[in-house]
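Trainee: Next come the chains, spelled out residue by residue.
2 protein chains.
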Amino acid sequence: MANPILVEVTRGALVESVHRGAIAVADASGALKLALGDVTAPTYSRSSLKPMQAIPLVESGAIDAFGLSDEEIALACASHSGEPMHTERVAAWLTRLGLSESDLACGAHPSRYEPVAEAMIRAQLAPTRIFNNCSGKHTGFLTVARHWDVATHGYEHVDHPVQVAVAAVLKDLTGARDLKYGIDGCAAPNFATSVAEFATAAARMATPGALPSPRAAAAARIIGAMIRHPALMSGTGRACATLIRACNGQAAVKTGAEGFFGAWIPARGLGVAIKIDDGAGRAAETAMAAVLDQLGVLGDDPKARALLSAPVLNTRGATVGERRPSATLAALKIAD
Amino acid sequence: MANPILVEVTRGALVESVHRGAIAVADASGALKLALGDVTAPTYSRSSLKPMQAIPLVESGAIDAFGLSDEEIALACASHSGEPMHTERVAAWLTRLGLSESDLACGAHPSRYEPVAEAMIRAQLAPTRIFNNCSGKHTGFLTVARHWDVATHGYEHVDHPVQVAVAAVLKDLTGARDLKYGIDGCAAPNFATSVAEFATAAARMATPGALPSPRAAAAARIIGAMIRHPALMSGTGRACATLIRACNGQAAVKTGAEGFFGAWIPARGLGVAIKIDDGAGRAAETAMAAVLDQLGVLGDDPKARALLSAPVLNTRGATVGERRPSATLAALKIAD
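Taken in order, these protein sequences are the chains called Y and X.
First residue of the first sequence: 1047, per the working numbering; consecutive thereafter.
First residue of the second sequence: 1047, per the working numbering; consecutive thereafter.
No wet-lab data here; the hints were simulated from the structure.
This one's a predicted model, so the numbers in the text were calculated from it and none came from an experiment.
There may be inaccurate statements among the hints.
If the Cβ cut is set under 7 Å, some of the chain X residues that face chain Y in the computed set are [what the hints assert, rightly or not]:
| hint | residue |
| --- | --- |
| 1 | A1059 |
| 2 | E1062 |
| 3 | G1228 |
| 4 | D1323 |
Have a look at the derived ranges for each label pair, beta carbon to beta carbon [claimed, not checked]:
| hint | chain 1 | residue 1 | chain 2 | residue 2 | range |
| --- | --- | --- | --- | --- | --- |
| 5 | X | T1056 | Y | L1171 | 28 to 38 Å |
| 6 | Y | A1138 | X | M1047 | 48 to 58 Å |
| 7 | Y | L1359 | X | D1205 | 17 to 27 Å |
| 8 | Y | G1327 | X | K1349 | 24 to 34 Å |
| 9 | Y | L1060 | X | G1200 | 18 to 28 Å |
| 10 | Y | H1199 | X | S1146 | 57 to 67 Å |
| 11 | X | R1223 | Y | A1352 | 31 to 41 Å |
| 12 | Y | P1357 | X | G1255 | 43 to 53 Å |
C-beta: ideal position from N, C-alpha, C; glycine also.
Please put together the full structure from these sequences, using the hints given.
Mentor: Spelled out as structure tokens, the structure:
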């Protein structure tokens, strides 16, 4: 059966496009407070996985051993925009490891922050690996490899000790016995979970006492780092930063490519996972805003509420339609 | 009931995202050779409508009265990339009308051809209206207004004689009594049809004798102009140009925003319309390539066949997945 329509995009009097998907809201016991659509199919959480991929970095003590801070933890969780605040910190972090940009296994892409991208075009500077939105995650992997004194070369391979550790953490958090994986845009493995498993894992990270003590502390520190440094884990004007700020300390959220979106809600002891079937990020943003609103953590910030109901603009800047929650999503009731 | 999955995007061993939609293939009688999904729901064809919006330009004699050629007809049908071949011709065309870029009602956006967009950033030149992918369509509307000696100002309003003429043509071609409309990205009205109506209208344009004689000649000239000038009606490396060239004179195709794609197939007397529910252009391209292939007009061009089964690349250029027709679309049989 097809997943329900979660988000619709109108133009004039008609709905022009619709986005289907699945949403799971879980607590640390794995109980589903909301299960909309097929919440059991394995899917890639893509960059929404980063806060879980960062657990070995903190739990191993690597972050403290290298004298790093919550800023680097936020960067390890980031799909950053390649602004100076991101690239300068990642460069300094690599230096602290005795490594350099050439040790990163991710490919290059232009900065996602238009003023930086345009300035680089004007200066005839080609984007380099540090501008990859995942360069913080990769530097986090390198930090663990250095801390464990294992080879840094090949850290992105699924059988490297760092990736084996990430997979073990995920199996523990989700209870999954076997994890399929695909290769992410940045060349690192991305492990598949269902949205129910992801939401449960996020809830366990967000609930004191749900995990053994070193992992619980690592999870709390990761969620706290995202909440304290929303611009470092995304960028200027990005949906993650807007939503985290709007939640005012109650929740961290993290986008992923192809329409995934995850949330960690310590204020409620809940985790959220959303997968839009067709991979549309615009729909994942609206759906996440709707779920956070329903959970009572979104608050009144107009920029965040504008993600809930976003105008469709034409090239003259006139509003010609609307992106909004479907009737199903608008009527959502999440169990207490 | 949900429309069928037409296109799927894999990563590793899993299908990561899917695209649902509707496809109609019709002949000039309105008989549906293929009806997949809901082919009767009204939807916007967006820029796929341009070859129909160009009918008054040719049928009225305006194109000949101003000494214009098939190149300008192709530009009137274009979602062009804002390359010099496009903007220089539109500028010369406006001059010939005694008008200028400031008479265009469309907004500005950057060239879609990266070398031009980057060169303009380097030269600190802001994009202007002529770079709007619809500037040829708008200049076509202005040409009709000048030919009819009616106000050029306000030509984009739905009650202006040019738009009234477009709506009348569409009602004739589709048999629809009432046409809803929305405002397109370029500020012109876009009239809604079902995919069945669009496919029928395209088939009528593509079939000699299906229309009264001045309109039949206009339709044949428009389709011929797109086939002869694929780069002018799209741009370097664009899917429309690739598919038209691959069809080797047998068909013209035209993309639209939000996952619409239309085709005119004089070689078979058929019209095609595809709407991807979620608005994804990547899926519309793959679906159109599959339909053209099934109709036996796609040929062997590797660039066109690469739209059928397209690699998903990571930032290092490695293939990590595939965009491909779903089993439903791959097994498609279209009635003779």
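Trainee: For every hint, state whether the structure bears it out.
Mentor: Going down the list of hints, with the structure as the test:
1. A1059: Holds - the Cβ of A1059 (chain X) comes within 7 Å of chain Y, reaching about 6 Å at its closest.
2. E1062: Holds, because the Cβ-Cβ distance from E1062 (chain X) to chain Y comes to roughly 5 Å (cut-off 7 Å).
3. G1228: 3 Å, holds
4. D1323: Where the cut-off is 7 Å and the nearest Cβ of chain Y is about 5 Å from D1323 (chain X), the hint holds.
5. X:T1056 <-> Y:L1171: 28 to 38 Å: Given a distance of about 35 Å, which is inside 28 to 38 Å, the answer is holds.
6. Y:A1138 <-> X:M1047: 48 to 58 Å: 56 Å, holds
7. Y:L1359 <-> X:D1205: 17 to 27 Å: Check passed, 23 Å falls within 17 to 27 Å.
8. Y:G1327 <-> X:K1349: 24 to 34 Å: Holds - the Cβ-Cβ distance for G1327 (chain Y) and K1349 (chain X), about 28 Å, lies within 24 to 34 Å.
9. Y:L1060 <-> X:G1200: 18 to 28 Å: 24 Å, holds
10. Y:H1199 <-> X:S1146: 57 to 67 Å: 60 Å, holds
11. X:R1223 <-> Y:A1352: 31 to 41 Å: The hinted range 31 to 41 Å holds for R1223 (chain X) and A1352 (chain Y), with Cβ atoms some 38 Å apart.
12. Y:P1357 <-> X:G1255: 43 to 53 Å: Since the Cβ atoms of P1357 (chain Y) and G1255 (chain X) sit about 46 Å apart, the hinted range of 43 to 53 Å holds.
Violated hints are absent here; each numbered hint is respected by the structure.
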